[in-house]
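> From first to last, the protein sequence lines stand for chains A and B.
Using this note's numbering, the first residue of the first sequence is number 1, and each one after it goes up by one.
Using this note's numbering, the first residue of the second sequence is number 354, and each one after it goes up by one.
No lab work stands behind these hints, which were simulated from the structure alone.
Every residue gets a Cβ at the ideal spot worked out from N, C-alpha and C, and that includes glycine.
Treat the hints with care, as some may be off.
[To be verified] Pair by pair, the computed Cβ-Cβ distance ranges are:
| # | chain 1 | residue 1 | chain 2 | residue 2 | range |
| --- | --- | --- | --- | --- | --- |
| 1 | B | I358 | A | A226 | 53 to 63 Å |
| 2 | A | D150 | B | R404 | 32 to 42 Å |
| 3 | B | E676 | A | N223 | 48 to 58 Å |
| 4 | A | N223 | B | Q374 | 44 to 54 Å |
| 5 | B | A481 | A | N262 | 45 to 55 Å |
| 6 | B | G470 | A | M276 | 42 to 52 Å |
| 7 | B | T691 | A | D60 | 19 to 29 Å |
| 8 | B | Q374 | A | A304 | 41 to 51 Å |
| 9 | B | S415 | A | A295 | 26 to 36 Å |
| 10 | B | S415 | A | T333 | 46 to 56 Å |
| 11 | A | Q21 | B | A698 | 13 to 23 Å |
| 12 | B | T691 | A | L52 | 24 to 34 Å |
[To be verified] Capping the alpha-carbon separation at 30 Å, the derived lysine-lysine pairs in BS3-like fashion look like this:
| # | chain 1 | residue 1 | chain 2 | residue 2 |
| --- | --- | --- | --- | --- |
| 13 | A | K31 | B | K506 |
| 14 | A | K31 | B | K677 |
| 15 | A | K18 | A | K153 |
| 16 | A | K332 | B | K384 |
| 17 | A | K151 | B | K506 |
| 18 | B | K504 | B | K384 |
| 19 | A | K324 | B | K677 |
| 20 | A | K251 | B | K384 |
| 21 | A | K31 | B | K685 |
| 22 | A | K31 | A | K153 |
| 23 | B | K504 | A | K151 |
| 24 | B | K506 | A | K18 |
| 25 | B | K604 | A | K18 |
| 26 | A | K263 | B | K384 |
| 27 | B | K685 | B | K604 |
| 28 | B | K504 | A | K153 |
| 29 | B | K506 | A | K153 |
| 30 | A | K229 | A | K263 |
| 31 | A | K153 | B | K384 |
Number of protein chains: 2
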Amino acid sequence: MTETITIQGLVCPVPIQKRGQVIMGHGSGGKLSHDLIADLFYPPFDNPVLRLSNDAGVVDVSTADRIAVSTDSHVVWPLFFPGGDIGKLAICGTVNDVAMMGAKPSYITAGFILEEGLELGVLEVIAASMREAAAEAGVQIIAGDTKVVDKGKADALYINTSGIGVLQRDVTIGGEQARPGDVVLLSGPVGDHGIAVLSARGELGFEADVTSDVAPLNHLVSNMLAASKSIHVLRDPTRGGVASALNEIAKQSGAGIVIEENKIPVRPAVHAACEMLGFDPLYIANEGKLIAIVARSEAEDILAVMRSTRYGEESVIIGEVVEKPVGRVLLKTAIGGTRIVDMMAGEMLPRIC
Amino acid sequence: MTETITIQGLVCPVPIQKRGQVIMGHGSGGKLSHDLIADLFYPPFDNPVLRLSNDAGVVDVSTADRIAVSTDSHVVWPLFFPGGDIGKLAICGTVNDVAMMGAKPSYITAGFILEEGLELGVLEVIAASMREAAAEAGVQIIAGDTKVVDKGKADALYINTSGIGVLQRDVTIGGEQARPGDVVLLSGPVGDHGIAVLSARGELGFEADVTSDVAPLNHLVSNMLAASKSIHVLRDPTRGGVASALNEIAKQSGAGIVIEENKIPVRPAVHAACEMLGFDPLYIANEGKLIAIVARSEAEDILAVMRSTRYGEESVIIGEVVEKPVGRVLLKTAIGGTRIVDMMAGEMLPRIC
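Let the sequences and hints guide you as you build the complete structure.
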């Protein structure tokens, strides 16, 4: 027996099985907490480390010299959107942050903040989504935590994930590594995630036919690293979009970046939504795209590898790194002009991740 | 110029300096996000890894074979209570979870969920408190994240911390390692944290003269490990108290645990508060205490080391591990009876961590 339910005015698109709601006692640390974890989290996330149920998960790093560590809290609203949900996003977001250092994501922690009254069935659906994303990425959830806050003190649930990945010995990737002459690659069309969430929230005034790009990019990165030792920067342009990510890199590297407007892919539905709302797709969040800045000599080879890998099929070269203006991003517009692209100034799309 | 402010009816006890409030744009990933982080988080948390501002922090683990990884979200209310605040709690809680595996906590991640309208000055005070606790524990904050949710969708702020610690080669500590004949030690009086928070919340109906025990226990653990190789279990009895922690251990180890009521230290003010409210101190949360289960032959030596170390001065032996009843905790009462101590059944004190 299954049923579809509505969460704060938005329909949960997956029929839920589990009955009952989160109560304050689920956050007590006592029997109700243990039952909740045993019932909802251990089955989907099961692995030998988690099964030990200790205060921390212990894992082997004897073959690693360096690890990359990241953290992200996820507060996206609505919980479910075309192409994904908060669970898939929580896994992919952290997997991608770790992968952007050139590391192989291996371990994830998951901290849940649950609002009193949340349907347990919704939590079950989201945990299943996390399991699926973790399986695709090849990561294990080795530690977790559950807190409950009073009704009205959260928005259904928030999920923090932290991630740990092992770095290969010879990998040195970071936002400070871009060098004049380097080429800027982008793994596909921009703005899908932000517009998909906005559409799911009913804020477009129309329903855009856009699916979030949320995806784990670690296998794409792994293929790129196997093909070239001249990848200098990797970054996933999430909040703040491509424009903000490139600005960060330009500042960190003390270089300029020039990109060409007509080389940046934007899906027609995203373009249309942005036109109507007065948004620039360069500032819209992505959750399954990466920017790579690489040595010019290997750019075409890396591009070919990206195009032959899942989540990289639509990769393109969008620009280059230049000496000046230091810390600035310039856009060559489609009509032949040049303008400065700043970091995002305000807040266009709250709570898209 | 400083001022004291009130947060949702409770006075922030530390005068704040910074003016202004959190707005949705602080979570945008754009310029406002960067300014907030540069202004409020980088100065107190500064270290070479964080300074690189990449998607993940990269650290050296070349000398480590195994690491312990934990995560905890902190939703304590009120934000400030006698003896601590949410920031100190967020650092100590995670440091302690890592230390309870016998690992040396080294790296912490911090994920903030901020409510729109939160005073920036409050955030500054809490970040300073985190810095101080991190300095005492000897850990670095190497990665962070900031999200903002609409007013009314959080309770001022929530903080997730994840922690990473390095395990010595020969350490095998875990809830499953208790053996019949082992001795149960406790590092001091129980219930201080829970009663201090409850008192700060004004829910006692009177003001108890109780200070939270929140403290980093890693140096205490380190001294204990240096003194003995026969420490089998370490656990910090937080939510659910000593009773729930011992029940977990009994179940994990497939053994029984017997403790003696008149050996468990409880401060008079905690005792009085519990009497009035009908609470059992064994179920009240602690944030600066640990339970150690050790080989009988070394119990007195370990106890002596604990008593000579900060945060362990009031350590006592409270009981022993027995073969039966499997998975059960028994209490020898002060009047000579014996009763079963179950895991906490409901929720006595919501949001105490």
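> Now tell me, hint by hint, if it's right for this structure.
How the hints compare with the structure:
no.: 1; hint: I358(B) - A226(A): 53 to 63 Å; result: holds (55 Å)
no.: 2; hint: D150(A) - R404(B): 32 to 42 Å; result: holds (38 Å)
no.: 3; hint: E676(B) - N223(A): 48 to 58 Å; result: holds (55 Å)
no.: 4; hint: N223(A) - Q374(B): 44 to 54 Å; result: holds (45 Å)
no.: 5; hint: A481(B) - N262(A): 45 to 55 Å; result: holds (49 Å)
no.: 6; hint: G470(B) - M276(A): 42 to 52 Å; result: violated (30 Å)
no.: 7; hint: T691(B) - D60(A): 19 to 29 Å; result: violated (43 Å)
no.: 8; hint: Q374(B) - A304(A): 41 to 51 Å; result: holds (50 Å)
no.: 9; hint: S415(B) - A295(A): 26 to 36 Å; result: holds (28 Å)
no.: 10; hint: S415(B) - T333(A): 46 to 56 Å; result: holds (48 Å)
no.: 11; hint: Q21(A) - A698(B): 13 to 23 Å; result: holds (18 Å)
no.: 12; hint: T691(B) - L52(A): 24 to 34 Å; result: holds (30 Å)
no.: 13; hint: K31(A) - K506(B); result: holds (28 Å)
no.: 14; hint: K31(A) - K677(B); result: holds (21 Å)
no.: 15; hint: K18(A) - K153(A); result: holds (23 Å)
no.: 16; hint: K332(A) - K384(B); result: holds (22 Å)
no.: 17; hint: K151(A) - K506(B); result: holds (10 Å)
no.: 18; hint: K504(B) - K384(B); result: holds (21 Å)
no.: 19; hint: K324(A) - K677(B); result: violated (75 Å)
no.: 20; hint: K251(A) - K384(B); result: holds (12 Å)
no.: 21; hint: K31(A) - K685(B); result: holds (22 Å)
no.: 22; hint: K31(A) - K153(A); result: holds (23 Å)
no.: 23; hint: K504(B) - K151(A); result: holds (14 Å)
no.: 24; hint: K506(B) - K18(A); result: holds (25 Å)
no.: 25; hint: K604(B) - K18(A); result: holds (26 Å)
no.: 26; hint: K263(A) - K384(B); result: holds (25 Å)
no.: 27; hint: K685(B) - K604(B); result: holds (19 Å)
no.: 28; hint: K504(B) - K153(A); result: holds (10 Å)
no.: 29; hint: K506(B) - K153(A); result: holds (5 Å)
no.: 30; hint: K229(A) - K263(A); result: holds (25 Å)
no.: 31; hint: K153(A) - K384(B); result: holds (28 Å)
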